[in-house]
Amino acid sequence: MGEWEVVIGLETHAQLSTVSKIFSGASTAFGAAPNTQAAAVDIALPGVLPVLNRGAVERAIRFGLAVGATIAPRSVFARKNYFYPDLPKGYQISQFEIPVVQGGTIPIVSPTRGEIAVRLTRAHLEEDAGKSLHEDFHGMTGIDLNRAGTPLLEIVSEPDLRSAAEAVAYAKALHGLVRWIGICDGNMQEGSFRCDANVSVRRPGAPLGTRCEIKNLNSFRFLERAIEYEVRRQVELIEDGGTVRQETRLYDPDRNQTRAMRSKEDAQDYRYFPDPDLPPLVIDRAWVERVAAGLPELPSAMKARFEARYALPAYDATMLTQSREMGAWFEDAVRAFGGEAKTVANWMLGEVSAALNRAEIDVGAAPVGPAALAGLLKRIADGTISTKIAKEVFDAMWAGEATGDGAADAIIDRRGLRQISDEGAIEKLVDDVLAANAAIVAEFRAGKEKAFNSLVGKAMAASKGKANPAQVNAILKRKLGA
Amino acid sequence: MAADGTIAGLLRRLDAREVSAVELTRAALDRIAKANGTLNAFISVDETAALAQARAADDARAKGEAGPLAGIPIAHKDVLMTAGLPTTCGSRMLANFVAPYDAHVVAGLKRAGAVLVGKTNMDEFAMGSSNETSFFGPVRNPWDPGRVPGGSSGGSAAAVAARLVAGATGTDTGGSIRQPAALTGICGLKPTYGLCSRYGLVAYASSLDTPGPFARTALDCALMLDAMAGHDPRDSTSIDRPKESYHRALATPPADPAQPLAGLRVGLPEQYFGDGIDGEVAAAVAAALETLRRLGATTVPVSLPAVRLSIPVYYVIAPAEASSNLSRFDGVRYGHRAAAYDDLRDMYRRTRAEGFGAEVKRRILIGTYVLSHGYYDAYYLKAQQVRRLIADDFRRALATCDVIAGPTTPTPAFPLGDKTDDPVQMYLNDIFTVAANLTGLPAMSMPCGFTRDGLPVGLQLHAAHFGEARLLEVAHRYQQATDWHQRVPPGAE
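Residue numbers (the numbering used here), protein chains in the order written: chain H, 1 to 482; chain D, 1 to 493.
It is possible that part of the hints are untrue.
[What the hints assert, rightly or not] Sample of chain H residues lacking proximity to chain D, with all beta carbon distances greater than 10 Å (derived):
#  : residue
1  : Ala-40
2  : Ala-44
3  : Thr-121
4  : Asp-160
5  : Ala-206
6  : Tyr-229
7  : Arg-271
8  : Asp-277
9  : Arg-290
10 : Ser-300
11 : Glu-307
12 : Met-319
13 : Asp-362
14 : Asp-413
15 : Ile-426
[Stated by the list, open to error] Below, in silico cross-link-like pairs of lysine-lysine (DSSO-like), each with a Cα-Cα straight-line distance of 30 Å or less:
#  : chain 1 : residue 1 : chain 2 : residue 2
16 : D       : Lys-361   : H       : Lys-80
17 : D       : Lys-382   : H       : Lys-80
18 : H       : Lys-264   : D       : Lys-110
19 : D       : Lys-361   : D       : Lys-382
20 : D       : Lys-34    : H       : Lys-264
21 : H       : Lys-479   : H       : Lys-388
22 : H       : Lys-378   : H       : Lys-450
23 : H       : Lys-448   : H       : Lys-464
24 : H       : Lys-450   : H       : Lys-391
25 : H       : Lys-466   : H       : Lys-450
26 : H       : Lys-264   : H       : Lys-378
27 : H       : Lys-428   : H       : Lys-466
28 : H       : Lys-448   : H       : Lys-428
29 : H       : Lys-391   : H       : Lys-466
30 : D       : Lys-361   : H       : Lys-131
Hints were generated in silico from the structure; no laboratory data involved. Glycine residues also receive a C-beta, built at the ideal position from the N, C-alpha and C atoms.
I would like the entire structure built from these sequences, with the hints used as guidance.
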């Protein structure tokens with residue numbers, strides 16, 4: 001296998017967090033009994049008409065502003081016509097020729113290329129379809145229209161991504177952003193955020209290869225695996241003398257492979273045309289300005305501020321601004337700690353992130369709050385405990401052994417973890433170690449440097465890790481005349 | 001029915017307690033029972049509900065709480081949703097469909113106290129100009145049962161012309177109110193697009209569909225329109241503007257009773273007076289124009305060069321929208337579904353093959369074709385461009401005149417079956433009416449004479465957007481000076 005370049009573009013459907021649907025007053029809440037959240041418009045009764053939910057438009061504007069896109073002063077809703085039982089009108093109302101959001105970029109950190117800006121083609125408003133339920137109906141199909149008419153923002157990237165890892169980084173950044181600006185809850189299990197990946201391969205410098213579109217990837221892991229599989233499939237196909245056919249494919253997570261759904265030849269003709277029931281969507285500057293005034297500090301601005309204000313490296317600042325909650329948590333902890341911000345960053349990106357990942361929860365749900373972490377860091381700073389002991393204390397805090405701002409102190413006291421800094425006590429400890437390990441001492445004297453570390457280890461172990469390591473070192477050196 | 005069975009006349013008699021709403025309703029139900037076998041104007045009649053509404057109207061009047069149309073029996077075209085009543089659209093597809101809600105205009109007339117006696121026959125999904133495409137059989141013209149009443153609102157027109165009800169609703173997508181009004185000798189008004197909400201009107205061509213009233217007089221149309229017009233937030237194309245009282249405007253006496261239309265400029269487009277117009281129709285229209293001049297109006301020549309393209313433009317745009325609008329009739333949630341099928345595609349195919357008639361299928365096919373990839377620009381986009389040219393023509397013309405006049409149709413009512421084998425000939429019957437839909441302008445037809453065979457002829461008037469009051473005023477003054485609207489078809493009381 002020679003050198004291949006992978007080219008990926010993503011189309012992401014983000015369900016907008018409006019209370020009611022995009023063209024009807026029915027609720028968008030997830031999980032209701034089938035067809036209990038379908039209004040006349042959602043069922044497409046004869047004679048009903050769509051009325052645009054301005055809350056959905058406002059969220060599209062928020063997104064456009066957050067990615068530095070153009071907010072179209074006039075955009076057009078179009079009908080995408082096709083027959084399917086869970087598409088009640090026989091057409092989906094979407095935007096086709098003139099979308100509401102045009103252009104923009106999403107900054108990401110690529111594992112291979114560093115910081116890059118992924119360009120967006122567009123983002124447009126549309127309605128979701130209902131659900132076809134093929135199980136439990138004895139050969140028939142059940143239709144649930146609760147989801148029909150749920151507002152979606154379809155965000156289309158340029159084919160700027162060059163690996164599955166970059167695609168995941170982009171999807172995560174986008175996922176973080178839509179939650180950051182409060183337009184989508186990002187719940188991937190419930191389908192609130194799902195991706196289609198357009199994947200092709202080519203020899204570097206060659207024109208774009210034929211692409212395949214993998215539909216409906218609703219987890220970052222599936223996104224990564226589906227792309228990796230698809231890249232392998234296309235490369236093998238071409239290297240075996242075959243050609244890639246433009247087609248839509250589905251990813252099967254159980255078998256970890258993609259399979260063809262329909263080819264370009266049987267692609268539907270959607271017969272798009274402007275929806276005569278909806279006048280063009282006009283967004284004046286005043287509306288855009290009102291929305292802009294209500295936007296929170298955006299991740300890019302927060303990242304720049306973290307680098308400047310807290311002297312953090314770019315990587316730390318990027319990682320700490322993955323979500324608004326993360327950024328706020330960090331700043332709360334820094335404020336409560338009062339010491340080096342970099343120490344807080346190290347802990348958040350180390351222990352805290354690892355614990356969050358293990359528990360599969362967001363920072364907002366962490367059992368250890370920013371003030372509690374600050375309380376722990378203070379005890380490292382003032383020499384009460386070592387960094388090693390601090391990790392033990394942190395685990396205990398996480399497990400709920402003590403809570404609140406004073407949790408670290410409570411655990412240190414209860415477990416007797418206070419660091420031993422008493423010169424006399426440590427000297428006694430070192431004397432005991434030297435007496436009990438004459439052989440090692442002899443090795444050291446014979447010139448074996450490593451034996452020194454062994455003696456430090458024994459002294460620390462004898463103190464159950466509580467002895468101040470710097471003092472142990474100094475005293476040992478003095479006693480051994482090293 | 002007494003000599004003056006107009007809405008205005010009936011309201012005077014109701015207010016004077018000379019008659020009750022229940023009596024009027026019973027009389028209407030009796031007339032329908034007698035005449036419907038011949039005319040086939042009604043698809044459904046709900047006697048119980050009608051009498052209950054009539055009793056409520058009488059009670060309201062007794063308490064001094066009567067609405068402006070309290071106790072007036074009316075009918076709705078079966079394309080308008082009426083809660084609890086069948087709404088079939090003249091189609092097998094919805095033959096058993098009972099509407100769960102009221103259309104905006106239905107609710108408006110209900111609030112005004114009008115009594116709904118039944119739903120009127122129509123061309124299937126409002127597609128047709130003769131009322132021969134209905135699944136429930138053709139409607140016959142009260143002036144000659146061998147002839148069509150026009151379409152698609154043929155049932156409503158026939159019901160008003162035959163004096164079964166004093167007023168009825170229709171919908172006008174390419175002339176479906178004005179053409180049957182002309183062919184049955186009554187008034188029919190197509191309001192400005194956006195004046196009357198389309199909510200609850202089963203869509204045929206959304207950018208053209210317009211609900212409006214049928215009645216014998218302009219004054220009655222004004223009374224109906226007062227109850228039908230008004231902003232509706234449920235229709236995004238409904239226009240939010242201050243409400244007018246159309247009937248009150250007509251009560252203002254003219255400054256000079258001898259010349260009530262003094263100062264009115266009537267534009268006569270050369271394109272509406274050329275070849276292809278029946279001689280007797282041309283003569284009746286010419287006489288009507290003479291009357292308008294006698295009443296003080298002046299006539300001025302205007303030109304609408306692009307209007308000759310109205311029919312081709314209409315038969316691209318209307319079917320395109322229809323092909324999409326009628327996709328919801330798929331057998332999945334309501335309406336007809338084939339009894340047996342192999343799979344999903346087969347279910348769609350059979351359901352729609354069985355549920356729709358030939359004309360509806362023809363328009364769905366045309367519409368699907370003109371929207372398809374590779375043809376969109378040549379047909380749909382081009383049609384929209386020409387539509388704009390037609391609108392420009394009218395704007396220019398209406399800058400030099402107040403109303404534009406001409407025949408409503410090129411011929412009087414034609415015999416049943418005459419054009420059913422030639423869709424293009426059928427389509428050409430709408431040659432003068434489709435432009436008002438393409439431009440959104442208000443237009444109305446009023447009776448202006450008869451042929452030697454006793455068939456009515458209609459005069460059509462267009463005005464600028466929201467010029468309904470002007471149209472109604474011209475028609476009202478004309479009707480005060482003429483008696484065409486008082487002629488009664490043979491057999492009607």
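We went through each hint and held it up to the structure:
Separation of Ala-40 of chain H from chain D is inadequate, the least Cβ-Cβ distance of about 7 Å not exceeding the 10 Å criterion. Interface exclusion of Ala-44 of chain H from chain D breaks down, the closest Cβ pair being 4 Å apart, not more than 10 Å. Remark: the non-interface label on Thr-121 of chain H is consistent with the geometry, its nearest Cβ contact in chain D lying 21 Å away (cut-off 10 Å). Consistency note on Asp-160 of chain H: stated as away from chain D, and its beta-carbon is indeed over 10 Å from all of that chain's, at 28 Å minimum.
Against chain D, the non-interface label of Ala-206 of chain H holds: every CB pair exceeds 10 Å, the least being about 29 Å. Every beta carbon of chain D lies more than 10 Å from that of Tyr-229 of chain H, the smallest distance being close to 30 Å; the non-interface claim holds. With a least beta-carbon separation of about 4 Å from chain D, Arg-271 of chain H fails to lie farther than 10 Å from that chain, contradicting its non-interface assignment. The beta carbon of Asp-277 of chain H sits about 5 Å from the closest Cβ of chain D, which is not more than 10 Å, so the claim that it is off the interface is violated.
The Cβ of Arg-290 of chain H lies farther than 10 Å from every Cβ of chain D, with a closest approach of about 22 Å, so its non-interface assignment holds. Every beta carbon of chain D lies more than 10 Å from that of Ser-300 of chain H, the smallest distance being close to 37 Å; the non-interface claim holds. Listed as a non-interface residue, Glu-307 of chain H keeps its Cβ farther than 10 Å from every Cβ of chain D; the least gap is roughly 47 Å. Listed as a non-interface residue, Met-319 of chain H keeps its Cβ farther than 10 Å from every Cβ of chain D; the least gap is roughly 45 Å.
Once the 10 Å rule is applied to beta carbons, Asp-362 of chain H is consistent with being away from chain D; the minimum gap is 39 Å. Non-interface call for Asp-413 of chain H relative to chain D: holds, since the shortest CB-CB distance, roughly 66 Å, exceeds 10 Å. Even its closest Cβ contact with chain D, about 81 Å, leaves Ile-426 of chain H beyond 10 Å, as expected for a residue assigned away from the interface. Under the criterion of a C-alpha separation no larger than 30 Å, the hint pairing Lys-361 of chain D with Lys-80 of chain H is consistent with the structure, at around 20 Å.
A C-alpha spacing of about 20 Å is found between Lys-382 of chain D and Lys-80 of chain H, which places the hinted pair at or below 30 Å, so the restraint holds. Only pairs whose Cα atoms come within 30 Å are accepted, and Lys-264 of chain H paired with Lys-110 of chain D is rejected, the gap being roughly 53 Å. With a C-alpha separation of about 23 Å, the suggested pairing of Lys-361 of chain D with Lys-382 of chain D holds against the 30 Å cut-off. Of the pairs offered as hints, the one joining Lys-34 of chain D and Lys-264 of chain H is violated, with about 61 Å between alpha carbons and a cut-off of 30 Å exceeded.
Between the alpha carbons of Lys-479 of chain H and Lys-388 of chain H the distance comes to roughly 25 Å, so the proposed pair stays at or under 30 Å and holds. The hinted pair formed by Lys-378 of chain H and Lys-450 of chain H fails the criterion: a straight-line CA distance of about 33 Å is larger than 30 Å. Only pairs whose Cα atoms come within 30 Å are accepted, and Lys-448 of chain H paired with Lys-464 of chain H is accepted, the gap being roughly 26 Å. Restraint check for Lys-450 of chain H and Lys-391 of chain H: satisfied, since their Cα atoms lie roughly 26 Å apart, inside the 30 Å limit.
Proposed proximity of Lys-466 of chain H and Lys-450 of chain H is supported: the alpha carbons are some 22 Å apart, at most 30 Å. Using a Cα cut-off of 30 Å, the hinted pair Lys-264 of chain H and Lys-378 of chain H is violated, with the two alpha carbons roughly 63 Å apart. Restraint check for Lys-428 of chain H and Lys-466 of chain H: satisfied, since their Cα atoms lie roughly 14 Å apart, inside the 30 Å limit. Between Lys-448 of chain H and Lys-428 of chain H the alpha-carbon distance is near 24 Å, which keeps this suggested pair within the 30 Å criterion.
Taken as a hint, the Lys-391 of chain H and Lys-466 of chain H pair is honoured in the structure, with Cα atoms around 13 Å apart against an allowance of 30 Å. Between Lys-361 of chain D and Lys-131 of chain H, the direct Cα distance comes to roughly 29 Å. Compliance with the 30 Å bound is thereby established for this hinted pair.
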